[in-house]
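Participant: Going line by line, the protein sequences match chains R, W and Z.
Residue numbering for the first sequence follows our numbering, beginning at 294 and increasing consecutively.
Residue numbering for the second sequence follows our numbering, beginning at 21 and increasing consecutively.
Residue numbering for the third sequence follows our numbering, beginning at 3 and increasing consecutively.
To be clear, the hints were calculated from the coordinates, so they are not data collected in a lab.
All C-beta atoms in this analysis are idealised placements derived from N, C-alpha and C, irrespective of residue type, glycine included.
There could be a bad hint or two in this list.
Claimed, not checked - Not the full set, but computed from the structure, chain R residues with beta-carbon under 7 Å of chain Z:
no.: 1; residue: 380
no.: 2; residue: 397
no.: 3; residue: 565
no.: 4; residue: 568
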Amino acid sequence: MILLQAAVGGLLLGAVYALFSSGLTLIWGMMNFINFAHGEFVMLGMYVALLIATGLHGGPAAYGPGAAVALFMLGVVVYMALVKHVMRGPMLAQILSTFGLALLLRYTAFFIFRSDFRTLPQSSLSGTINLGGIYIPLAQLVAGIVAALLAIGMHLLLTRTALGSRLLAVAEDRNAAMLMGIRPDRMQALAWGLSAASAGIAGALMAIAFPFSPEVGATFALTAFVVVTLGGFGSVPGAMIAGLIIGLVQALAGYLIGPIYKDVVVYGLFVAVLWIRPQGLFGTL
Amino acid sequence: MLLEAEQVSRSFGGFLALSDASLAVEAGEIVGLIGPNGAGKSTFFNCIAGDLAPSGGRIRFDGVDVTYAAAERHAELGIGRTFQVPATFEELSILDNVMVGAFLRHHRRADAEAKAMEMLRLTGLDRMAGQRAGILGTPGRKRLGIARVLATEPRLLLLDEALAGLTPSEIQQAIELVRRIHATGITIVIVEHIMEVILSLAARVLVFNQGRTIAQGKPQDVVNDPKVIEAYLGHHHKRRRARAPA
Amino acid sequence: MTQRRIASLALAAGLLLYPLLVSDLNGAAFLQDVGATLLLAAISASAWNIVGGYAGQVSVGHAMFFGAGAYVPLLVFDLWQWPPLVGLPLGIAVAVLLALAVGTPTLRLQGHYFSMATIAVAELIRIVVSNWDLLGASIGIQGPAIARGWWDLTFRSSVPYYYIFLGVLAVLLYATYRMERSRFGYYLRAIRAGERAAASLGVPVRHTKLMALAMSAAFTAVAGSLYAFKLGYVNPEAGLGILVSVQMVITAALGGAGRLTGPLIGAIVLVPLQSATNSWFGGSGTGLTYILYGGIILLLARFEPGGLIVLWQHLRRIGARKPEVAHAA
Numbered sequence: 294m295i296l297l298q299a300a301v302g303g304l305l306l307g308a309v310y311a312l313f314s315s316g317l318t319l320i321w322g323m324m325n326f327i328n329f330a331h332g333e334f335v336m337l338g339m340y341v342a343l344l345i346a347t348g349l350h351g352g353p354a355a356y357g358p359g360a361a362v363a364l365f366m367l368g369v370v371v372y373m374a375l376v377k378h379v380m381r382g383p384m385l386a387q388i389l390s391t392f393g394l395a396l397l398l399r400y401t402a403f404f405i406f407r408s409d410f411r412t413l414p415q416s417s418l419s420g421t422i423n424l425g426g427i428y429i430p431l432a433q434l435v436a437g438i439v440a441a442l443l444a445i446g447m448h449l450l451l452t453r454t455a456l457g458s459r460l461l462a463v464a465e466d467r468n469a470a471m472l473m474g475i476r477p478d479r480m481q482a483l484a485w486g487l488s489a490a491s492a493g494i495a496g497a498l499m500a501i502a503f504p505f506s507p508e509v510g511a512t513f514a515l516t517a518f519v520v521v522t523l524g525g526f527g528s529v530p531g532a533m534i535a536g537l538i539i540g541l542v543q544a545l546a547g548y549l550i551g552p553i554y555k556d557v558v559v560y561g562l563f564v565a566v567l568w569i570r571p572q573g574l575f576g577t578l
Numbered sequence: 021m022l023l024e025a026e027q028v029s030r031s032f033g034g035f036l037a038l039s040d041a042s043l044a045v046e047a048g049e050i051v052g053l054i055g056p057n058g059a060g061k062s063t064f065f066n067c068i069a070g071d072l073a074p075s076g077g078r079i080r081f082d083g084v085d086v087t088y089a090a091a092e093r094h095a096e097l098g099i100g101r102t103f104q105v106p107a108t109f110e111e112l113s114i115l116d117n118v119m120v121g122a123f124l125r126h127h128r129r130a131d132a133e134a135k136a137m138e139m140l141r142l143t144g145l146d147r148m149a150g151q152r153a154g155i156l157g158t159p160g161r162k163r164l165g166i167a168r169v170l171a172t173e174p175r176l177l178l179l180d181e182a183l184a185g186l187t188p189s190e191i192q193q194a195i196e197l198v199r200r201i202h203a204t205g206i207t208i209v210i211v212e213h214i215m216e217v218i219l220s221l222a223a224r225v226l227v228f229n230q231g232r233t234i235a236q237g238k239p240q241d242v243v244n245d246p247k248v249i250e251a252y253l254g255h256h257h258k259r260r261r262a263r264a265p266a
Numbered sequence: 003m004t005q006r007r008i009a010s011l012a013l014a015a016g017l018l019l020y021p022l023l024v025s026d027l028n029g030a031a032f033l034q035d036v037g038a039t040l041l042l043a044a045i046s047a048s049a050w051n052i053v054g055g056y057a058g059q060v061s062v063g064h065a066m067f068f069g070a071g072a073y074v075p076l077l078v079f080d081l082w083q084w085p086p087l088v089g090l091p092l093g094i095a096v097a098v099l100l101a102l103a104v105g106t107p108t109l110r111l112q113g114h115y116f117s118m119a120t121i122a123v124a125e126l127i128r129i130v131v132s133n134w135d136l137l138g139a140s141i142g143i144q145g146p147a148i149a150r151g152w153w154d155l156t157f158r159s160s161v162p163y164y165y166i167f168l169g170v171l172a173v174l175l176y177a178t179y180r181m182e183r184s185r186f187g188y189y190l191r192a193i194r195a196g197e198r199a200a201a202s203l204g205v206p207v208r209h210t211k212l213m214a215l216a217m218s219a220a221f222t223a224v225a226g227s228l229y230a231f232k233l234g235y236v237n238p239e240a241g242l243g244i245l246v247s248v249q250m251v252i253t254a255a256l257g258g259a260g261r262l263t264g265p266l267i268g269a270i271v272l273v274p275l276q277s278a279t280n281s282w283f284g285g286s287g288t289g290l291t292y293i294l295y296g297g298i299i300l301l302l303a304r305f306e307p308g309g310l311i312v313l314w315q316h317l318r319r320i321g322a323r324k325p326e327v328a329h330a331a
C-alpha cells in the first residue's frame with residue numbers, strides 16, 4: 294500500500310516534471326538550444342506565487358496565471374535581448390549566455406529572499422485526501438493533475454492549432470517557414486515565452502505542495518535535462534511520458550532502495566540513455 | 021578501376037532518394053554527374069564521399085571496400101571532396117585552412133606549411149595567406165576549398181557544384197584550374213548544373229532523375245538523349261511538343 | 003611584434019616577483035595567498051582550455067576531473083598515511099580513465115547536448131561521492147595536519163605554493179604552446195571551426211576529441227591535486243561542485259577561450275575581483291560575487307564572446323582608425 298502511495302506521489306510529481314520539461318524540449322527542438330536557466334525559471338515561478346500570496350493576498354487560483362504571465366514576459370525578453378543575438382555566434386557564447394543568466398537569477402533571488410526554505414501560506418488546498426486507502430496531500434494531487442492537463446494542453450496547442458503548426462514549421466525548417474510567410478523570429482520569441490511560462494506555472498504548482506528556496510533551480514534544471522534526454526530531442530509528447538517515468542522511478546528508488554538513492558538512480562538512468570540510446574525514446578538525432 | 025559504385029541506394033525515412041545507382045571510374049578520367057534538382061546526384065555524391073552511409077549497394081575505391089567507411093578514412097585513402105556551400109574554417113587564417121588538409125600527409129609543421137603555400141599559389145590565394153578566411157567572398161571560398169582538399173593529395177577529387185555562383189569569366193578560370201588539377205593525374209568526378217562546364221570538362225556523363233540513373237555516355241550524346249531532355253524539361257514539355265501542329 | 007614581447011616579458015617578470023614585491027605591504031600574507039589562488043585558477047582554466055577552448059567542446063563538468071585530482075592524494079594519505087604527492091599520478095590516471103569513459107558516449111553529441119551531458123555526469127559523481135563513507139561522504143577528507151617532511155607539501159606560508167603553482171602553469175602553457183603549433187593543435191581548431199569539413203580532410207574527429215579531453219582531464223587533475231596540497235582538505239562541494247566547473251569555463255572565456263594566455267588573463271581579472279567583493283560585502287559577499295559573475299558572463303556572451311583579448315584587439319583597431327583620439331592623450 295505504501296508502495297502504491299509512493300508510486301502515485303511520484304507520478305503526480307512526474308506530471309509537474311513533464312510540464313516544465315516540455316518547455317525545455319520545445320526550445321531544444323526548435324532552435325537546437327538548451328536553456329541552462331530553465332531551472333531558475335521554475336524557481337522564479339515559485340517566488341511569484343509567494344509574492345502573490347503575501348503581497349497581493351491572492352489565493353491559489355491566482356498563482357498559476359500570475360506565474361504564467363510574469364514568466365511568459367521574462368521568456369520573451371530573454372529571447373529578444375539575449376538569445377536572438379547569441380544564437381548565430383560561437384557555441385561557447387550560446388552556452389555561457391543562459392548560464393550567466395542562471396547565475397544572475399539564482400543569486401539575485403538569494404540576495405532578496407535569503408537561503409531559507411519558504412512555504413506558501415495555508416489555503417483551501419491544505420490537508421490530505423484519502424483515495425481508496427492511499428493518502429495524498431491535496432496540494433500534491435491538485436498540482437499533479439493541473440500540470441498533467443496543462444502539459445496535454447501544450448501538446449494540443451502545438452499539434453492542433455494554427456499557431457502551433459506555425460511554431461512547429463519553424464522548428465522543422467526555418468527557411469521553408471519563412472517562404473510561407475511565417476516570421477521565425479516571432480515564433481521563436483513566442484516559444485520562449487511559452488517555455489518560460491510552462492516552467493513558471495510548474496514552479497507555482499510545486500510551491501503549493503512543497504517548500505522552496507532559491508537553490509532548487511539547479512535540481513530542477515538537472516531533472517529537466519534527464520527528462521528531455523529520455524523523452525528525445527524536441528519531442529513534447531516524449532517529455533511528457535519521460536516526466537512521468539522519471540517521477541515514478543525517483544519515488545520508487547527512494548522508497549525501495551533509500552532516500553539517498555533517489556537522485557543517483559535518476560542520473561544513472563540519464564547516463565544509461567546516453568550510452569545506449571542518445572536520441573531518447575521519441576527523438577530523432 | 022579506381023572507383024566502383026554498385027547499385028547504391030539510400031532512403032531517408034520512407035523516402036527513397038537514390039536507388040540502384042552504379043558508376044565505374046577509371047583512373048585519369050573526368051566524369052560528370054548531372055540531373056535536375058532533387059534527382060539524387062547529391063545523395064550519390066555524399067555516399068561516395070563517405071558523408072552518408074548507403075542503405076544498400078557497395079562502393080569500392082582502388083579495391084578497398086569503403087561502403088560504410090567514415091569520411092576521414094575516405095580522405096586517408098585518397099578521396100577528396102569539396103562542399104556545395106563552402107565549409108571554410110572561418111576563424112582560421114587562409115593558410116591555416118589549407119594546412120589542416122596538408123597535415124594529413126605531412127606531419128611536421130614546416131612540411132605542411134610548405135605544401136599549403138604550394139596549393140595556395142596554385143589557386144591564386146598565396147598573397148592572402150595570413151588573413152582570416154572569413155573575409156573571402158564566395159569565389160574565394162571555393163578556391164580555398166579546392167586548395168584545402170588538394171593539400172590532402174587525393175587521387176580522386178569529388179567536386180560538388182564547385183562553379184555555381186561564379187561569373188562567366190570566373191567560370192572560365194575555374195575550368196582552367198580543374199584542367200590543371202586533372203593534368204597532375206587526379207581523377208575527377210564533378211557534380212554540376214552548368215552545361216557549358218560539363219560539356220567542356222567531362223569525357224563521360226551520368227544523368228540522374230528521381231533517384232535513378234537514366235543515361236550514361238559522352239556529353240554530346242547524352243545531351244541529345246530524349247530521356248534526358250524529358251527529365252530536365254519535364255513531361256509537360258514533351259506533351260506540348262506532341263500536341264503542337266507538325 | 004615587439005610590443006607583445008615586452009608585454010609578455012613584463013607579465014612573466016611580474017608573476018615571478020609578485021610574492022617578493024608584496025612582502026613588505028600590509029596584509030602581505032593575504033596578498034600572497036590571493037596570488038597562489040590566482041595561479042591555481044589559471045592552471046584549471048588553461049587545462050579546460052585544451053578541450054573547451056581549442057576544440058570547442060564546452061564541458062561544464064570538468065569538476066569531475068578536478069575532484070579526482072583532489073580526492074585521490076588525500077585518500078591515499080587518509081587510508082595509508084602516504085604522502086599525498088604519491089597520489090598525484092594516481093589521481094591523473096583516474097581522471098584520464100574517467101575522461102575516456104565519459105567522453106566516448108558524450109563527445110558524439112552536438113553542442114548544447116554535450117554540455118548538458120557533462121553537467122549531469124559530474125553531478126552524478128558528486129552525489130555518489132557525497133554519500134560514500136570511504137570518501138568522507140559530505141564531510142570530506144583531510145590531509146596531513148603537520149608536515150612530516152617537505153614531501154607532504156604542507157607549508158604554512160603561501161609562498162612555496164605560489165612558486166610550485168607558477169612552475170606547473172609554466173609547464174602547462176609551454177605544452178599548450180607546442181600543441182598549438184602541432185598537427186594535433188591544428189586538428190583541434192579545425193574541429194571547432196567545422197567538424198564535417200575537418201572529417202572530409204582526414205581529421206580523425208572522434209579520436210582527436212577524446213585525446214583532447216583526456217589531456218585536459220590530466221592537467222585538470224593536477225590542478226585538483228595542487229588544490230588539495232595547499233588546502234589540506236576537500237569535500238564534495240569544493241572538489242566536485244558545479245561552481246568549480248563553471249569557474250573554469252568563465253575564467254577561460256573571460257580572457258579568451260582558445261588562446262594561449264586567455265585563461266591566465268581571465269584569472270588575473272577574476273580572482274582579485276572575487277577576493278575584493280568577498281571582503282567588501284562581508285556575509286552576503288558570496289551572493290553578490292555571483293551576481294557580478296553572472297552579469298559579466300552575460301555581457302561577455304552577448305557582446306564579446308572572444309573575451310578580453312579580442313576586445314583589446316577591437317579597441318586597438320578602433321583607436322587606429324581615429325588618429326585624432328590617439329593624439330589627444
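Participant: Grab the minimum C-beta distance from residue 397 of chain R to chain Z and call the hint holds if it beats 7 Å, violated otherwise.
Facilitator: 3 Å, holds
Participant: Any CB of chain Z closer than 7 Å to the CB of residue 565 of chain R?
Facilitator: 10 Å, violated
Participant: Regarding the hint that residue 568 of chain R lies at the interface with chain Z, is the smallest CB-CB distance below 7 Å?
Facilitator: The hint holds - residue 568 of chain R has a Cβ within 7 Å of chain Z, the shortest such distance being about 5 Å.
Participant: Should the interface hint for residue 380 of chain R be scored as holding, given a Cβ-Cβ cut-off of 7 Å against chain Z?
Facilitator: 11 Å, violated
Checked against the numbered hints listed earlier, the structure breaks hints 1, 3; every other hint is satisfied.
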